[in-house]
Amino acid sequence: MAAGAGAYVDSMDQSVYKFILRHTKKEQIVLLVLTVVSYPFLYFSYDLPKQIINHITAVDRLTRGGEAAKPYPEQVLIGLFKMEHIPYLFALCLIFFLLVMINGGFKYFINVIKGQLGERMLRRLRYELYSRILRFPLPQFKKMSAGEIIPMITAEVEPLGGFIGDAYVQPIFQGGMLVVPLFFIFNQDIFLGLAALAMYPVQGYVIPKLQRKVNALGKERVRTVRQLSDRIGETILGVQEIHANDTSTLERTDFSERLGIIYGIRYRIYALKFFTKFLINTIDKLTPFFFYTIGGYLVIQGEVNIGALVAVIAAQKDLASPAKELLAYYQQKEDIRIKYEQVIGQFDPPNMLDIAKQEEEPSDVKPLKGTLELTNLSYAEDDGVRLIDNATAKLKLDKRIAIVGDGSSGKDELAMILDGLLVPTGGHAAIDGVSIDSLPETVTGRRIAYVGPGTQIFSASVRHNLLYGLKHRPLRDVLEGEELEERRKAIFEAERSGNITLDVKADWVDYEAAGVDGPAALTARMIEVLRAVTVEQDVYQIGLRGSIDAAARPDVAEAILKARKAFRAQMAGNAELAARVEPFDVTRYNLNATLGENLLFGTTVGDGFAEDGLATNPYVLQVIEKAGLTNDLLEIGRQMAQTMVELFSGLPPGHEFFDQFGFISSEDLPEFQNLLGRINKTGLDQLAAEDRARLLGLPFKLISARHRLGLIDEAMEARILETRRLFAEDLPEELKGSIEFFDAERYAGAATIQDNILFGKLVYGQAGGAERVNQAITELLDELDLRSAVMEVGLEFRAGNGGSRLSGAQRQKIGIARALIKRPDILIVDQATAVLDGQTQNAIMANLLEMYSEGGLIWFLHRPSLAQSFDHVVVMKAGRVADDGAFADISGDGAVLKSLIEAE
Amino acid sequence: MSLNEEVELLRQIPLFSNVEPAKLKLLAFTSERVTFALGQMMVQQGDTGDAAYIIIEGDADILIDTPDGPIKVATVGRNAIIGEIAILCDVPRTATVQAKTQLVTLRITKDLFFRLVNEFPQMAVEIMRELARRLERTTAQLQAAISQNK
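Line by line, the protein sequences are chains A and B. Going from the first sequence to my numbering is simple: count from 1 and add 291. Going from the second sequence to my numbering is simple: count from 1 and add 25.
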């Protein structure tokens, strides 16, 4: 299947004009024609008011002449229609009105076409640049950083969009505007014409000179700004080091220095630009000087009449505006040209991957099995250092191969060559005679899997990350009806910009490659793979803490409700478990929940009833007032504030206890101290609204069992229960979406699966309580066959930026699982378990060795002693294959392998 | 039990007898009260320690792993402090402690423990005294064991 990209041009156009013309020739012609066609209308709309005024004044003069008044003669409109003077006036005005509309229409269409053109070209350029990044040879990324590349594709090319529509039309249009008055002037008198042109040679000489300086500075500016964004990127990546080494001042100083340089450049550019403007303006003002002198002389000499001179001076005024526009265009053009060239230059590194290797579907590929042969394999970096130096070996792929060596042995590079990630600089690595670097990515990326020491987890769900290696092409369309129509429009537009036309929302998963027949079996397969890399339990726990959409999965919601009831039944028969959970009961105050939770008695949806905002929520205030609870809560708040001040005032600000235990942050503590002082003076009743809100905020966070402050007695509990009833009863319609009340019979969509089963709170201070409850829940879910439903929720968990919401170990394990699920012919594990703890390393290695008992596993080991478990061992030293054979045969005294193991 | 009652209770423990009430209140407030069921392990020999426990109510057995299985070396009760060695000198737990009855304890984290020792030299002295007592007892037991083996 063709990948659907438009006609592909491999090298980029070196000039922005060529680039524009190649892709927008037709549109540029349309624009030109439209512009030219619009001229006469514009001309008439200028001319018509003059006619109207002339007509009115003429009529006025004729008809109000007293006795001399004469009937106004009939007028002929456009040489066709005879009419009286009043209808004639209206007809003229109507034509004027139409002309205004037509001109507006032209302007609108021209601008829309220009905008569309510009945006399409911008899209094309960005797509092209991005697509080239995907073809850069890997070592290129050692030279270019994300901080440099990102602004090139985003900000730097942005102004191109605005320019492209103007690129050809503007000089022609403005040129025309310049030529017409000039022509008129020459028609009047050749000398006056020469006078009008007198200053242009000066401008033509000076301006490009100045512009060249501006251009040089412009290039420098682009370069320094790129370095600046590179520095910002580096700061963000290395922010831990900066904090840990107290170098923020150094970084700030460095940044300031760079800003200073950019300021200097920009300032010089401005100075030059405005100097150019100044020159133009002055020269423009000088031209009349010639008219007055030469023109005046000619008039006096009687060679030119005075009327012509006046007309010429008027015409000269019309020259100024297009001349200015042309200059602005020229400056913009130069600016764009530099930007384009500076960007393009960066996206044309040598040895770019052939596009066909990424886009062409392979036809019938044999499995990558047989013998892996290294023939004088070499790899050298740009500086000429040979990291792999004539390595030669013959390895049977039906064995499980371990490759060991120290940091300078070249094994890291070998791992990447075997996956086709690096291209050898000499020799070959071939599988059954087929050189790996000759294989397209469409083969290596599917038949070979590579897991490195630090896998990248994308900012998407765990599922997407896991299935990433199965998503090569969209295999099934999932669209119909209106969506399909939308899709057609999207394809149309993508084609106009030379973009790929595939649908990112289609089903891309290659089930066959995963060895399953469809989505249901795939989940089972994912679970299996996750188990093999010992991360299944983690995903399961994540799933428990996730929530499901009860409307989309009513069966699961119902099953979880069943689990809730079963859990309750289990608690009834098990005192130990019962002591660890306090269930929600609408008739009882929950000692292990906050006062706020007790009052709302539901799961909040969105921020409507967020705990921090309860004290200022108008509806909550209204309810507690109605229940007569306001003063009591204020009193509880006062006592809490007093206790906090008493306990924490001796602690240094920012002490961790504030975060862990305090209701009040260290910054707010003095404020509360003052507040307590005011209360002592005036009493609670006289408090300002702000102080009341502050005090009232405290009790909502109070958990009786945890904080043990003894502030809520049974009578108080009963009153809060009454308030709970009021709160639910009076809840206005518009707030109903903000809370989902606890209901033993209903699934709470906003709450986690775990909370739905628990339907209560963990009791504080029970040793091992959480683990015990978790275990009970897990057992229950297994009994009810809900394990895979929970796993599915876990799989939907968003991994966050760079997988930041997962632990390092989880990320790495998911990376390994990603390689396993596509069932590669060859699995290359490049020290991928090094970051995991010893026990996990052993477990994963044992699982993988079992999975690949038939061979196809090549493991680059970080600890040579682990090689014992493999069928065949390759020992690398200084870029060469030092030894290879069975572990027992090559680990004797004096062998390289032995010394490597001893050095561990 | 409310915070104030807990403070009263802490004051009766010799270790804290000289600490001023306000600080004891902070101690009570910031320490979690943890209940162990009969037979539950409080600390496991060999684990890393992040907290010490003060027994408020109940008894606990102190067990040491040997090649022949765990042997009980002592039983401690109310007011005893457990697990302070592992947090004092960053070694793994030196013994296993198992609840002999239902057990109510105050869990004092490592950070809090050091803060208290720093601020109240009297507490440090009390701990030293307790450790010395234990050392003396261990020495006596060792002597007895050696003389038995002769």
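Some hints here could point you the wrong way.
[As the list claims (entries may be wrong)] One-sided excerpt, in silico: chain B residues whose CB lies under 7 Å from chain A: (1) 27; (2) 55; (3) 61; (4) 63; (5) 65.
None of these hints come from the bench; they were simulated from the model. The beta carbon of each residue, even a glycine, is placed where N, CA and C say it ideally should be.
Here's how the hints hold up against the structure:
no., hint, in the structure
1, 27, "holds, 3 Å"
2, 55, "holds, 5 Å"
3, 61, "holds, 5 Å"
4, 63, "violated, 10 Å"
5, 65, "holds, 6 Å"
Hint 4 alone, counting from the list given before, is not met by this structure.
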